[in-house]
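Please arrange chain B with the ligands on chain A, whose structure you already have, making use of the hints.
Chains A and B are the protein sequences, given in the same order. Last residue of the first sequence: 435 in our numbering, with the numbers rising by one and none dropped. Last residue of the second sequence: 367 in our numbering, with the numbers rising by one and none dropped.
FYI, nobody ran anything at the bench for these hints, they're computed from the structure. Note that this is a predicted model, so its numbers are computed, not measured. Heads up, the beta-carbon is just placed ideally off N, CA and C, and yes, glycines get one too. One thing to keep in mind: the hints can contain errors.
Unchecked claim - Each pair of labels, with its calculated beta carbon distance range:
#: 1; chain 1: B; residue 1: D13; chain 2: A; residue 2: L426; range: 48 to 58 Å
#: 2; chain 1: A; residue 1: L426; chain 2: B; residue 2: D189; range: 43 to 53 Å
#: 3; chain 1: B; residue 1: K27; chain 2: A; residue 2: I289; range: 48 to 58 Å
#: 4; chain 1: B; residue 1: G71; chain 2: A; residue 2: P329; range: 33 to 43 Å
#: 5; chain 1: A; residue 1: G288; chain 2: B; residue 2: G71; range: 52 to 62 Å
#: 6; chain 1: B; residue 1: A132; chain 2: A; residue 2: P329; range: 27 to 37 Å
#: 7; chain 1: A; residue 1: L426; chain 2: B; residue 2: K173; range: 43 to 53 Å
#: 8; chain 1: B; residue 1: Q174; chain 2: A; residue 2: L232; range: 48 to 58 Å
Claimed, not checked - Here are some, though not all, of the chain A residues that point toward chain B, as calculated from beta-carbon distances under 7 Å:
#: 9; residue: S297
#: 10; residue: A335
#: 11; residue: V350
#: 12; residue: Q354
Said to hold, decoys possible - Computed, partial: chain A to chain B, Cβ under 7 Å:
#: 13; residue: A34
#: 14; residue: L58
#: 15; residue: R326
#: 16; residue: S331
#: 17; residue: Y332
#: 18; residue: K337
#: 19; residue: S338
#: 20; residue: A341
#: 21; residue: T342
#: 22; residue: T345
#: 23; residue: P353
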Amino acid sequence: MVQADAGAMPPSTTTTTAPKEKLTTSDGRSLKTALRQAERRRRIAAFLLVAPLLFFILTFFVFPIAQMMWRSVDNPQVVRALPNTLEALSGWDGRDLPPEEVFAALHADFVADSERPRREQAMGPLGVRLNYELSAARGAISRTARQAPNFEAPFRDAFTDAHRLWGDPALWRVIQREGRALTSAYYVAALDRQFDEFGNIELRDENRRIYISLFIRTILLSVAITFLTFLLGFPIAYYLSILPMRYANLLMICVLLPFWTSLLVRTSAWIVLLQQQGVINSTLVGLGIIGDDSRLSMIYNMTGTIVAMTHILLPFMVLPLYSVMRTIPPSYMRAAKSLGATPSTAFRRVYFPQTLPGIGAGGVLVFIISIGYYITPALVGGQSGRMISNEIARHMQQSLNWGLAAALGTMLLVGVLVLYWLYNRLVGADSLKLG
Amino acid sequence: MSANGTDGFVVFDKVQKSYDGESLVVKDLNLSVAKGEFLTMLGPSGSGKTTCLMMLAGFETATNGEIMLDGRPINSIPPHKRGIGMVFQNYALFPHMSVGENLSFPLEVRGMGKSVREQKIKRALDMVQMGAFASRRPAQLSGGQQQRIALARALVFEPEVVLMDEPLGALDKQLREHMQFEITRLAHDLGITTVYVTHDQTEALTMSDNVAVFDDGRIQQLAPPDKLYEEPENSFVAQFIGENNTLDGRIKEIRGEHCVVELDNGEMIDARPVNVTKAGERTRVSIRPERVESNPERLHPDAHLIKAEVVEFIYMGDVFRTRLKVAGNENFIMKSRNAPDQVRHKPGSTIEIGWLPKDCRALDMPS
Ligand SMILES: Nc1ncnc2c1ncn2[C@@H]1O[C@H](COP(=O)(O)OP(=O)(O)O)[C@@H](O)[C@H]1O
Ligand SMILES: [Mg+2]
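If we strip away everything but chain A, and leave its shape as in the complex, we get:
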């Protein structure tokens, strides 16, 4: 760090006391107006310079994120499909089966929906939505939708005959609960919780809890990866920082190589290295360190995720560390030694503390990137190396439960922001040195 000859000189005590009369420019405008006019052009120019990026970020970053957050609470399906039913259901106590009027209203809703043009029909999405809360609900809706226009009174028997689920108060409770434009159901599900029959939130059965343990695993994996990149990156960065520039640049290329290699090439390289018949296992067996029948499994599990992600994210740790270390002159270590510190004390008390901004920056970068990492765990993580992003992707691509995916994504985003806020409180973000 530069020891600027600045800062703390006592401020000059003779502040000039300006006359309080209104100053004008030579052409008679008030000085303030003239200044504001002159400044305005500069401000417009500055705005025009940043406008394209601002526009880009708004369109492709802020807007989609807002959209995602909205989806995690948006709940239009029931309201759109069953307006009459919801009205009739408003006085229901939620215990026994609803009275006949409710079933009549349900019939009216089905009839109304069947008369709409095909693309505006609301029963399909309703089935999907209810199925998230109660399995088999989708089948009940779709089967009933075909028959309902022909039902005769009493409708209650007609519906329960068409599908047994209509006779189950649980379905009616779901309809009543989700008959609102906004829902917390996705967050309840994302926290491994559900509603009991009285509408209270309770933990799910043990074997159906997924997300919390996955969040915890994601955080633990990210911490492990951050720590490993630090362990590997610190000595490299230190060595780079003391090398002459031209060798340092050469070595830096080696560190940056993972950035420049195609993902598929890297992945196949790991597979070649890490699989059961791979290079490492064969070498170990060949050297007699492990037996042929106890080959290590290092890929398609947590080990694979950790190894691969540590490799990929190493540059994010090395670069900030290196840029901080380069600016620490060797005279500090020399000064410490001349003052009587052993080399290890000098390192611990003088050198290391000065690298903290780099460690903080590298750590925050690697941690935040790895907490949302998707592609590597998907490729080499197997089951035990999965992270929360893989679950989000599954809901977006396979189960098509976008609401739940959005809830999980929002929780991830909020979690990262909270961690960043904590870091800022504890260390101070202005001490980050990103390059």
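Then chain B with the ligands, alone, in the frame of chain A:
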């Protein structure tokens, strides 16, 4: 005072240093510093001063030869066990520690207790008049204040030897002069042996007991400031220290403390032979501008007279600076005190100037 013996407190004995195995940065350095002495290494940039200091501090190893501290060879002692205080050019104050913590550091690593530490820190800070700044960070101090803290930190653990590598290089002139005074005062009051490195000759002359003039990896002359200025032993020293007039010629004859030099334009002058040995040798004669005199009444009867043409007269207040053409040299300067009877010479006029033969030193001809 120390000569080139091996009985000093700090001794360099035939030390050589090479960084690349091809050229010697320090060639055959022999130097002895007595206890309590203030020795300055003075020399142009790149002459190997810092290298010598680093070898003494233990950050570089001597390629050959022996460095001794208080009679013990220290070549194999690591820096942190040498107990030598050091002030670095950029001060090297630890930026993540307050001033007090910076000063506490050398005491902590020596395992001193809190009360002893606080007492010593206070004494050291008071010594440099920075008692009120213990809780500041180095970055909150001005350059001069940082300089004082660096000094206090190097002294707080009471080392017997302190090394300083151009410690005042980053300060402005006024502050530098003030700090020169403070450093010498402290060094003498505390009786510390000081090895000071600078390329500023005024600094070297005003601060030191002895000055070692470095050039080309060798000590060109080791002497007290007055001797260095008045009796330079070779052309490099004469040229490097202070202002200097030179005339080139050939030795005509040598008789003990006297020699006659035939200048290149054929004129003969008397001089004192310094590092010339025989007649016929090329020589460069050196005369200080203030030892040149144009008023015959002020001249010693022995003084040798020579004709000079006035090229330029510069009035500088306290002194007159007259540029002359002497024996073909157009940059011969005469400095005379502004006394009531001092003549102000007109450019173009021809005058007679003179000097004492002992002020006119016949030195080697640099190659
Ligand atoms: N660490 C080093 N490696 C290689 N050469 C060096 C090193 N330090 C100094 N030198 C060379 O040694 C010579 C003397 O340097 P130095 O001792 O710093 O001189 P000074 O302090 O008198 O300016 C210079 O030519 C410099 O280039
Ligand atoms: Mg130097």
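Against the structure, the hints:
{"no.": "1", "hint": "B:D13 <-> A:L426: 48 to 58 Å", "result": "55 Å, holds"}
{"no.": "2", "hint": "A:L426 <-> B:D189: 43 to 53 Å", "result": "46 Å, holds"}
{"no.": "3", "hint": "B:K27 <-> A:I289: 48 to 58 Å", "result": "56 Å, holds"}
{"no.": "4", "hint": "B:G71 <-> A:P329: 33 to 43 Å", "result": "34 Å, holds"}
{"no.": "5", "hint": "A:G288 <-> B:G71: 52 to 62 Å", "result": "59 Å, holds"}
{"no.": "6", "hint": "B:A132 <-> A:P329: 27 to 37 Å", "result": "28 Å, holds"}
{"no.": "7", "hint": "A:L426 <-> B:K173: 43 to 53 Å", "result": "46 Å, holds"}
{"no.": "8", "hint": "B:Q174 <-> A:L232: 48 to 58 Å", "result": "52 Å, holds"}
{"no.": "9", "hint": "S297", "result": "45 Å, violated"}
{"no.": "10", "hint": "A335", "result": "4 Å, holds"}
{"no.": "11", "hint": "V350", "result": "6 Å, holds"}
{"no.": "12", "hint": "Q354", "result": "6 Å, holds"}
{"no.": "13", "hint": "A34", "result": "38 Å, violated"}
{"no.": "14", "hint": "L58", "result": "39 Å, violated"}
{"no.": "15", "hint": "R326", "result": "15 Å, violated"}
{"no.": "16", "hint": "S331", "result": "4 Å, holds"}
{"no.": "17", "hint": "Y332", "result": "5 Å, holds"}
{"no.": "18", "hint": "K337", "result": "4 Å, holds"}
{"no.": "19", "hint": "S338", "result": "4 Å, holds"}
{"no.": "20", "hint": "A341", "result": "5 Å, holds"}
{"no.": "21", "hint": "T342", "result": "6 Å, holds"}
{"no.": "22", "hint": "T345", "result": "6 Å, holds"}
{"no.": "23", "hint": "P353", "result": "5 Å, holds"}
The structure is inconsistent with the numbered hints 9, 13, 14 and 15, although it conforms to all the rest.
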